[in-house]
Structure formats: C-alpha cells, structure tokens
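Asker: Next come the chains, spelled out residue by residue.
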Amino acid sequence: MKHLIDIMELSPAELDTLLDTAEDIIANPGKYAEECRGKKLATLFFEPSTRTRLSFEAAMLELGGSVLGFSEAQSSSAAKGESVADTARVVGCYADIIAMRHPKEGAPLVASRVAGVPVINAGDGGHFHPTQTLADLLTIRREKGTLGNLTVGFCGDLKFGRTVHSLTAAMSRYAGSRFVFISPEELRIPEYVKSEVLAPRDVPFAEMRDLESAIQGLDVLYMTRVQKERFFNEADYVRLKDTYILTPEKLHRAKRELCIMHPLPRVNEIDVRVDDDPRACYFKQVLYGKYMRMALILLLLKEAGRI
Amino acid sequence: MIIGQLRDGYVLDHITAGRGMDIYHLLHLGELDCSVAMIQNADSVKMGRKDIIKIGKLMDLDFDVLGFVDPGITVDIIRDGRRVEKKRLHLPEKLTGVIRCRNPRCITSTEQGLIHEFRLTDRERKVYRCVYCDSAARKA
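Just so you know, the protein sequences line up as chains E and F, in that order. This note's numbering puts the first residue of the first sequence at 2, with every later residue one more than the last. This note's numbering puts the first residue of the second sequence at 1171, with every later residue one more than the last.
Subject to a maximum C-alpha distance of 27 Å in a straight line, what follows is the list of computed BS3-like cross-link-like pairs (lysine-lysine): (1) E:Lys160 <-> E:Lys251; (2) E:Lys242 <-> E:Lys160; (3) F:Lys1264 <-> E:Lys195; (4) E:Lys285 <-> E:Lys229; (5) E:Lys229 <-> E:Lys160; (6) F:Lys1264 <-> E:Lys3; (7) F:Lys1296 <-> E:Lys195; (8) E:Lys291 <-> E:Lys41; (9) F:Lys1296 <-> E:Lys160; (10) E:Lys291 <-> E:Lys32; (11) E:Lys145 <-> E:Lys256; (12) E:Lys242 <-> E:Lys285.
Label pairs and their calculated CB-CB ranges: (13) E:Gly117 <-> F:His1195: 37 to 45 Å; (14) E:Val268 <-> F:Met1191: 49 to 57 Å; (15) E:Ser196 <-> F:Met1229: 34 to 42 Å; (16) F:Met1229 <-> E:Ser78: 42 to 50 Å; (17) E:Asp21 <-> F:His1195: 49 to 57 Å; (18) E:Met9 <-> F:His1260: 18 to 26 Å; (19) E:Arg114 <-> F:Asp1232: 21 to 29 Å; (20) F:His1195 <-> E:Arg202: 34 to 42 Å; (21) F:Leu1228 <-> E:Glu73: 52 to 60 Å; (22) F:Glu1263 <-> E:Arg114: 13 to 21 Å.
In short, the hints are calculated from the structure, not lab data. Quick caveat: nothing in here was measured; it's all calculated off a predicted structure. Ideal Cβ positions, reconstructed from N, Cα and C, are used throughout, including at glycine.
Taking the hints into account, I'd like the entire structure generated from these sequences.
Answerer: In structure tokens, the structure reads:
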C-alpha cells in the first residue's frame, strides 16, 4: 500500500493491519505520540470539509507531526489554473504525505501518480471517501466484535451516498455478510453495486421501502442524509428528505445490540432523542475516524520509508 | 467485387455489419501508406452480413481496440500470401487512450494531458469503467 485512493485496493490483510494498529493506538496512545516527529502532512482541500480536514490534522498532531495546507481552492494556485498534477508535484517537495479532497472524481489518483509521496484520498466528489469507510469498519469491529456474519442495513439516500457504496463493497468481503437496503424508489442502491459488487460474491441482500419493518433483523443500521445538492429539483428534495427519520419509537423493534451509525453531518434523519440511546454510535464513529487516519498515516509513511 | 490477395498483411473478418468504419477510424487506418480495403455488408453464412477489412502491410495492430469494439472479429495474419495465424479476440482488461470518459465530474474533463483509461469490470456484460471516476463507458 503506497497510497489510499479506493478502499477496495486494500487487501484483507492490509485492512486488518490498519484496524489492529488503530486498536493499538487507542489502547496505548503514548506509544505513538512521537512517531511522526519532524514529518509534515499537507491537507489539500480544494473544497471545504472542516470535519475531515480537522480529523486528518488532529491525527497527524497526535502522532507528533505537523500540518500545512489549504482549505478551499480559492486559497490555492488552482484558482490561477494550475493542474492537479502540478500542485501535487510541488507539494510533494514540501510534505511527507498528502491528504487531498477535490470536487473532481479521480483527482487524488492523478496526484498519487506524480506526487512522489503517499497520497490519501480524503474525498473526490461523489466518488470515494475511503477514510470514512475505514472509520466505519473500525466502529463496527469495536461495537460488534467482528466484521463477519452481520446483517447491515443502509437507510436513506442509497443512490448518491458514496459511503454506502464503499462500505457495502468493503463488508461484502467478510463471510456471512448480509445487506438490507432501505430507501425510497428514487434513491435505490445503484444497479452496479448489485451486479458488480454483491452478485460476484453471492452476497445476500434485500431491498425494502419501510424502515420500521426492516429494523428488527439488523445488527448495524447505517443512516444517511438525503443531500439537497444531489437533486436537480427542489420539490423532489422536499418531498423525500423526511421520508426516513429514525426515532426512539422506531427503535422499539430493534435489537438491543444494534449499532446505529451515520457518516454525519445529520440534518434530521436521526431524531436527537436517539443520541442518548446506548445503541447510537455515530459520535464514536467520528473518534474512530481519527484513530484510523492515525494508523493510515503511520503505515503509509513507514511503507514509504519516511519513518 | 474482387479485391486482390494480400502478400503480407491482415484480414479482419467477421466484423459486425456496420462497425467496419468504427474500426477503420479507431485503428487510424486512413493514415497508413499501404493499401487498405473496406468491404461492407459482405454475405456471411454465420452472420448474414458482415464487414471485412484488408490491410496490405504487417505492423503493430492494437488488438485491444478490436477486442473492445467487436470481440467476435477474427484476425488472419498473412505472410508470403499464406495465412500463418488466425487470432480470436478477447475483451482486453484495459483500454488506454481508446475512448473518452463522458462524466463531467471526472478529473479527465478538466486536467490537461491526461490519457483516458478504462478497465474491464464485468466481462459478461462487457462493462468498462473509467479508472478515475468509475463511470461506465459508452460503446465505442
């Protein structure tokens, strides 16, 4: 592993190493506090994403390293028309590792081919967001004790939700995985996920319209936001955005060990009263995201011979 | 229609009728300095109608392109007036610089000098996806 662009590029063994390293960081934070002393992470955010950027920066700071970068394209040379490849080549001369978010799909892959240092995809448009999937996997493993033999339900926008597609692909590699896709007709899971991800592995799945009737069989419930920016028509957005809201009442039928997740930010798809339910894991997910990014930075720098 | 026999070159046979010109353009056959014959709608026992292309010179041929456009094509390699090899084509794993990604959100739509690359993701349904954005390719 020289870069992380797509979660599916990681072998199961590499994924296990990352998860184990993150677990060890959680158990022994002091052991890692100086691991990246003198090393620099460049956060190149061509579109704003405060949460992800801060998570990367916090991860590097907790490893003893330092950070530099920009948080929107206007404050970079991209505003002057510089190509992604040129920006990556230049920043590769300053930093030891790069985390890049870009509105264009595939931009981090372009950067990884020329930067000369490890590149992490911190989100490329509606395409991939592999470190979110790493956070999701660590959350599930810590909360459920395993990544196999679980029934995972996804609810909300399953058509445009990149976190859903990535986590489905990642979880489908574990034996005994089953999926329930709960969405309105307009936002169903794309056909290619079924034909190219699930079918080749014979992974069982069901598509349902009603959250309440689906909830009782789930080990994990992954809620997603119906994003306004994914719609061309505001009337469609308004009609669909409140369709799937998780409330304490709906949770009555759920398992006591259910793990409720959400990539955040949420709007109203999870009632705030659910936050106090011990099954709510979405804020732990944020914390685990930081630990996974620490593990990732560490292993990529080691692989590159920089620490 | 009589077209002379080749001494050295290729015969691209069993081209789906109507696709011959696509292949002509994709292989840049118009730029060659040798004779090139295009036969459209030839009678075929197996296919009913087919296109055939004859190229009067041996050179590096991009079989990847042929496999993508029409994997049923057969390629006869002619040397000294005799067929020395008959190639059957397969869908190539990768296509580099053959087709363009049409996704406006893909980095290939803005980054200069980037070669468009596709990989085969579903052999049965002949699906190719852009390596940058994973959009499915349209048929060439």
